[in-house]
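K.L.:
Protein chains in written order, with my numbering: chain A, 1 to 186; chain B, 1 to 186.
Mixed in with the good hints there might be a few duds.
The list treats identical chains as one, so a pair stands whether inside a single copy or across any two.
16 Å max Cα-Cα, derived EDC-like pairs, lysine to aspartate or glutamate [as the list claims (entries may be wrong)]: (1) K109 - D58; (2) K112 - D129; (3) K106 - D79; (4) K8 - E25; (5) K168 - D77.
Hint data in this document are derived by calculation from the structure and do not stem from the laboratory. These numbers were taken from a predicted model, which means no experiment stands behind them.
Number of protein chains: 2
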Amino acid sequence: MPYINVDKNLPGIRSLMAFRPETAEPLSALAEILLRDDTGLSRTDRELIGTYVSYLNDCFYCHHSHGEIAVCYLNGDRDLVNAVRQNYKEAPISDKLKSLLQIAGKVQKSGKAVLQEDIDNAREHGATDRDIHDTVLIAAAFSLFNRYVDGLASVAPQDLSTYPLRAKQIVEYGYGSHIFSQPQPV
Amino acid sequence: MPYINVDKNLPGIRSLMAFRPETAEPLSALAEILLRDDTGLSRTDRELIGTYVSYLNDCFYCHHSHGEIAVCYLNGDRDLVNAVRQNYKEAPISDKLKSLLQIAGKVQKSGKAVLQEDIDNAREHGATDRDIHDTVLIAAAFSLFNRYVDGLASVAPQDLSTYPLRAKQIVEYGYGSHIFSQPQPV
Numbered sequence: 001m002p003y004i005n006v007d008k009n010l011p012g013i014r015s016l017m018a019f020r021p022e023t024a025e026p027l028s029a030l031a032e033i034l035l036r037d038d039t040g041l042s043r044t045d046r047e048l049i050g051t052y053v054s055y056l057n058d059c060f061y062c063h064h065s066h067g068e069i070a071v072c073y074l075n076g077d078r079d080l081v082n083a084v085r086q087n088y089k090e091a092p093i094s095d096k097l098k099s100l101l102q103i104a105g106k107v108q109k110s111g112k113a114v115l116q117e118d119i120d121n122a123r124e125h126g127a128t129d130r131d132i133h134d135t136v137l138i139a140a141a142f143s144l145f146n147r148y149v150d151g152l153a154s155v156a157p158q159d160l161s162t163y164p165l166r167a168k169q170i171v172e173y174g175y176g177s178h179i180f181s182q183p184q185p186v
Numbered sequence: 001m002p003y004i005n006v007d008k009n010l011p012g013i014r015s016l017m018a019f020r021p022e023t024a025e026p027l028s029a030l031a032e033i034l035l036r037d038d039t040g041l042s043r044t045d046r047e048l049i050g051t052y053v054s055y056l057n058d059c060f061y062c063h064h065s066h067g068e069i070a071v072c073y074l075n076g077d078r079d080l081v082n083a084v085r086q087n088y089k090e091a092p093i094s095d096k097l098k099s100l101l102q103i104a105g106k107v108q109k110s111g112k113a114v115l116q117e118d119i120d121n122a123r124e125h126g127a128t129d130r131d132i133h134d135t136v137l138i139a140a141a142f143s144l145f146n147r148y149v150d151g152l153a154s155v156a157p158q159d160l161s162t163y164p165l166r167a168k169q170i171v172e173y174g175y176g177s178h179i180f181s182q183p184q185p186v
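Generate coordinates for the entire structure from the input sequences, incorporating the hints supplied.
P.N.:
Structural data, given as structure tokens:
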């Protein structure tokens with residue numbers, strides 16, 4: 001039961017964005033740039049970083065929503081997304097992405113937890129300044145999204161079969177703020 | 001020493017925003033709406049919430065920058081801003097603001113830390129849905145800003161005398177993204 005009076009037909013962050021469209025606009029613009037930019041990190045990498053941080057924050061709505069988007073990009077490989085959630089060090093992903101997930105996991109705790117050795121490790125595996133910047137900002141952005149969604153107790157659908165359709169819409173149309181106010185499933 | 005190659009003449013988040021102008025735009029638009037909206041919470045209340053969360057996150061640059069902006073709005077009352085930082089429960093502020101700072105302190109830890117009793121307490125002291133929404137989102141936004149600033153080890157000027165001038169500029173001109181790339185002091 002949400003703490004404020006939002007549209008009961010909208011789940012998670014979408015109900016909050018419909019409640020306050022003025023802040024929905026920059027939030028969705030930020031998601032669009034950070035998660036769908038094709039320079040450097042792939043869209044899959046970006047969604048996996050967001051999923052991992054949301055999983056660490058135990059944000060059910062966010063880690064299932066973004067996990068499903070990653071599943072879409074990975075042509076249905078849900079096992080890989082689960083492997084990243086549970087133990088990315090053993091997941092079948094590149095060493096570069098592992099090094100960036102290490103940084104993202106530090107950011108989830110605190111900005112100050114990121115050490116020079118984490119950065120050096122990422123550079124040794126081919127990460128550029130832009131990759132490191134985007135990783136830190138994606139992890140910081142999910143530190144916002146997760147707190148926003150759970151801090152207002154927005155509704156997270158418990159039926160996991162509702163997430164894939166919504167994910168497909170995001171993959172196709174992006175994070176434009178118009179998306180968040182439409183009464184679509186999930 | 002920042003972890004990525006940013007303009008050494010720019011401090012804190014301003015150096016990061018100049019590095020990646022595409023993300024600077026929605027971030028500064030978010031700050032502009034959340035911290036300078038005059039509906040419900042005052043600009044002073046909004047800056048005090050941001051300062052408090054930044055102080056809890058030990059983000060030197062953010063809690064001094066936003067603390068000084070609050071000092072400006074309070075006509076120089078730095079003692080009040082310090083009282084909010086250190087023990088808001090005993091600070092000479094309204095019970096309503098205290099109840100919202102209680103929520104913000106929970107959000108700093110985790111969205112899930114906010115309980116129905118925190119919301120009930122805020123409502124008993126006159127907080128509206130909009131006040132509660134904005135408090136949670138301000139606290140969540142500073143969870144992003146603080147991690148962004150410290151996760152990339154951006155430079156925080158240690159000379160506190162440099163912060164008031166910058167604060168005055170923000171009070172006068174706002175958080176427009178053009179502000180962040182100008183080589184001004186602080």
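K.L.:
Between copies, within a copy, both or neither: which fits K109 and D58 at Cα up to 16 Å?
P.N.:
This pair counts as both: shortest intra-copy Cα distance 13 Å, inter-copy 13 Å.
K.L.:
For K112 and D129, with the copy left unspecified, which applies at a CA distance of at most 16 Å: within, between, both, or neither?
P.N.:
For K112 and D129, the Cα distance exceeds 16 Å both inside one copy (18 Å) and across copies (33 Å).
K.L.:
Have a look at K106 and D79 and pick one of within, between, both or neither, based on CA distance no larger than 16 Å.
P.N.:
neither (24 Å within a copy, 34 Å between copies)
K.L.:
Taking 16 Å as the upper bound on the Cα-Cα distance, should K8 and E25 be classified as within, between, both, or neither?
P.N.:
Neither, since 21 Å and 31 Å both go past 16 Å.
K.L.:
Under a CA distance limit of 16 Å, which applies to K168 and D77: within one copy, between copies, both, or neither?
P.N.:
within (14 Å within a copy, 52 Å between copies)
Hint compliance for this structure: hints 2, 3 and 4 are not met, and every other hint is.
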